[in-house]
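*Asks:* Mapping to the UniProt record's numbering: the sequence shown position 328 is 328, numbers consecutive.
Please note that the accuracy of each hint is not assured.
[As the list claims (entries may be wrong)] Under the rule of at most 16 Å between Cα atoms (straight-line distance), these lysine to aspartate or glutamate pairs were calculated in the EDC-like manner:
1) Lys128 to Glu163
2) Lys319 to Glu333
3) Lys319 to Asp356
4) Lys394 to Glu444
5) Lys290 to Asp268
6) Lys250 to Glu270
7) Lys202 to Asp300
8) Lys202 to Asp225
9) Lys457 to Glu444
10) Lys161 to Glu176
11) Lys392 to Glu337
12) Lys457 to Asp388
13) Lys223 to Glu270
14) Lys35 to Glu17
15) Lys338 to Asp388
16) Lys161 to Asp174
17) Lys44 to Asp90
18) Lys381 to Glu337
19) Lys169 to Asp154
20) Lys338 to Glu407
21) Lys392 to Glu444
22) Lys338 to Asp447
Please keep in mind that the hints were generated in silico from the structure rather than gathered at the bench.
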Amino acid sequence: MLLPEFPPHMFERLPDESFHYGDFPELSAGVGYFKDLIGIKEWKDRREAAAWHFYRSLVGEQEDPSGEGRFYGLEDLFGWYLFLGEALTDHPQNYEVFYGCRIVPVLAAIGRNLELIPQIKGFNERAKRLIGRERSQPNGGLFEMLVAMAYARDGAKVAFKPEEPGRAKAYDLDVEVHGAFWAVECKRFENGDYVESERARKRELWLPATRLIIPSGRSIYAKVDFSVELSDVPDDYLVRHVIDFLHSGKNSNLWTDDFAFGVIGDLDLEPLQTALKNGYLLYPSPVYNKLLTGTYIRYDELNTLQKVKHAQNPHFIDKVDQAVVLRTRSLSEGAIEKKARDFKRKLFDANKQLPDDRPGIIHIGLEALGDDLIEYRRHEKIMKTINDFDPKGKPLSFIYWHYFAPEASPEETWAFDETFQWRGIRGDKRPLTLTSLILPPQAEGRDGVHWDGLPNKTFRSP
């Protein structure tokens with residue numbers, strides 16, 4: 001049960017309090033820029049709304065109508081982003097590490113380049129649209145800002161194309177490089193519905209099974225690698241395996257069949273409980289998950305039910321008496337194919353928005369949050385799309401696409417990989433020589449892509 005109101009210092013760091021996660025001046029600068037545009041009174045209201053949604057979700061007082069288990073509301077997604085960016089440095093007890101690692105590097109990249117804003121015509125107006133009527137879908141606007149700053153950083157003259165009410169949406173940026181004029185269109189590619197439908201299906205399969213486990217008082221861990229699409233798995237599949245295990249009298253069971261390879265067994269809570277003797281643990285967090293399951297996996301797929309005692313702040317756990325955990329992988333051929341969506345539709349739409357009277361450039365940004373097998377397949381499909389693409393007479397010169405791979409691990413607050421690729425269409429000189437939109441200049445790079453199995457020089461939080 002939450003208190004009726006937040007404590008007085010809920011959103012501030014006390015004068016003698018050190019930076020829990022570290023001091024990130026670039027992040028604070030980016031957050032401060034948007035807070036100034038919003039205004040202090042409106043920001044306090046939006047921040048408090050984001051915090052209530054987060055904490056009510058943590059304690060089960062706020063149900064996610066989508067059934068996807070979100071800790072945030074979609075009506076003000078940008079408010080949630082800014083809440084996380086501010087929380088990391090100013091009120092770290094409120095910082096949610098898994099989503100925060102996706103937005104903190106973006107806000108820091110904007111903060112790192114604030115001195116460029118006066119040089120970019122229309123930047124502030126674009127930001128005001130983002131924090132206002134586009135607050136529920138901010139990713140596209142943020143991507144446009146990152147692209148605009150990259151061109152400005154590379155020495156180009158950049159201007160946002162103003163909106164013209166009543167007319168079809170035009171391209172996003174006018175860019176001048178050494179007297180040559182370019183039209184730039186930016187598209188942000190989002191994850192598809194298939195991933196969310198898989199998550200919902202896993203909950204459908206697992207929830208009835210947990211109802212058999214919880215009354216036993218046993219802590220159970222199940223790891224299931226599905227070999228077919230989850231829609232083809234029988235509704236009682238996990239229930240049957242749980243029943244077999246509970247009746248077996250064994251500490252664990254293994255199985256292999258037409259649907260999956262799986263293991264289910266007793267879960268040892270001792271490492272987690274030992275850590276809790278030394279203090280509260282942040283939940284959800286990669287540190288907690290590693291203590292609970294014994295391993296850390298990037299982009300893990302866990303479904304966890306627990307009997308816990310929260311600390312006074314329910315973002316932290318004081319005691320755990322029982323845990324029931326399902327860890328899954330869904331890498332059947334059908335699942336890989338459907339999760340590895342490429343950006344063909346975005347590319348066609350972007351090309352339509354380019355003008356006929358000047359060379360055009362398309363930038364597409366996407367989060368690469370899948371298993372390496374998925375990203376390999378996505379890359380194959382993207383390359384086929386690029387190779388087969390017909391601009392239909394438009395003077396399209398370049399296509400740039402940017403993969404963003406954020407991570408929160410037990411060792412770092414956040415880490416980030418960025419892969420950049422491009423294709424020239426007409427033989428023009430490349431107008432943008434920089435290869436990074438988000439990572440700072442000191443980040444180390446290498447040839448190749450971050451999912452190719454070679455060691456990555458992942459940029460990690462300072």
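*Asks:* Evaluate each hint against the coordinates.
*Replies:* Results of checking the hints against the structure:
A hinted pair counts as satisfied when its Cα atoms are at most 16 Å apart, and Lys128 with Glu163 qualifies at roughly 13 Å. The hinted pair formed by Lys319 and Glu333 fails the criterion: a straight-line CA distance of about 41 Å is larger than 16 Å. Taking the CA atoms of Lys319 and Asp356, the gap is about 64 Å. The hint is violated against a cut of 16 Å. Our distance criterion of 16 Å between C-alpha atoms is broken by Lys394 and Glu444, whose separation comes to about 36 Å.
Between Lys290 and Asp268 the alpha-carbon distance is near 12 Å, which keeps this suggested pair within the 16 Å criterion. Annotation: proposed proximity of Lys250 to Glu270 is violated, straight-line Cα distance about 20 Å (limit 16 Å). A C-alpha spacing of about 14 Å is found between Lys202 and Asp300, which places the hinted pair at or below 16 Å, so the restraint holds. In summary, the hint linking Lys202 to Asp225 is supported, as the alpha carbons are separated by about 12 Å, within the 16 Å threshold.
In summary, the hint linking Lys457 to Glu444 is supported, as the alpha carbons are separated by about 6 Å, within the 16 Å threshold. Distance restraint check for Lys161 and Glu176: the Cα-Cα separation of roughly 13 Å lies within the 16 Å cut-off, and the hinted pair is therefore satisfied. Between Lys392 and Glu337 the CA atoms are separated by roughly 28 Å; this puts the pair beyond 16 Å, and the hint is violated. For the hint linking Lys457 to Asp388, the alpha-carbon distance of about 32 Å lies beyond 16 Å, and the restraint is violated.
Annotation: proposed proximity of Lys223 to Glu270 is violated, straight-line Cα distance about 19 Å (limit 16 Å). With a C-alpha separation of about 23 Å, the suggested pairing of Lys35 with Glu17 is violated against the 16 Å cut-off. With a C-alpha separation of about 20 Å, the suggested pairing of Lys338 with Asp388 is violated against the 16 Å cut-off. Restraint check for Lys161 and Asp174: satisfied, since their Cα atoms lie roughly 6 Å apart, inside the 16 Å limit.
Of the supplied pair hints, the one linking Lys44 and Asp90 holds, its CA atoms being roughly 14 Å apart against a limit of 16 Å. Between Lys381 and Glu337 the alpha-carbon distance is near 10 Å, which keeps this suggested pair within the 16 Å criterion. The hinted pair formed by Lys169 and Asp154 fails the criterion: a straight-line CA distance of about 27 Å is larger than 16 Å. For the suggested pair Lys338 and Glu407, the alpha carbons sit about 23 Å apart, so the restraint of at most 16 Å is broken.
Of the supplied pair hints, the one linking Lys392 and Glu444 is violated, its CA atoms being roughly 38 Å apart against a limit of 16 Å. Between the alpha carbons of Lys338 and Asp447 the distance comes to roughly 28 Å, so the proposed pair goes past 16 Å and is violated.
Hints 2, 3, 4, 6, 11, 12, 13, 14, 15, 19, 20, 21, 22, counting from the list given before, are not met by this structure.
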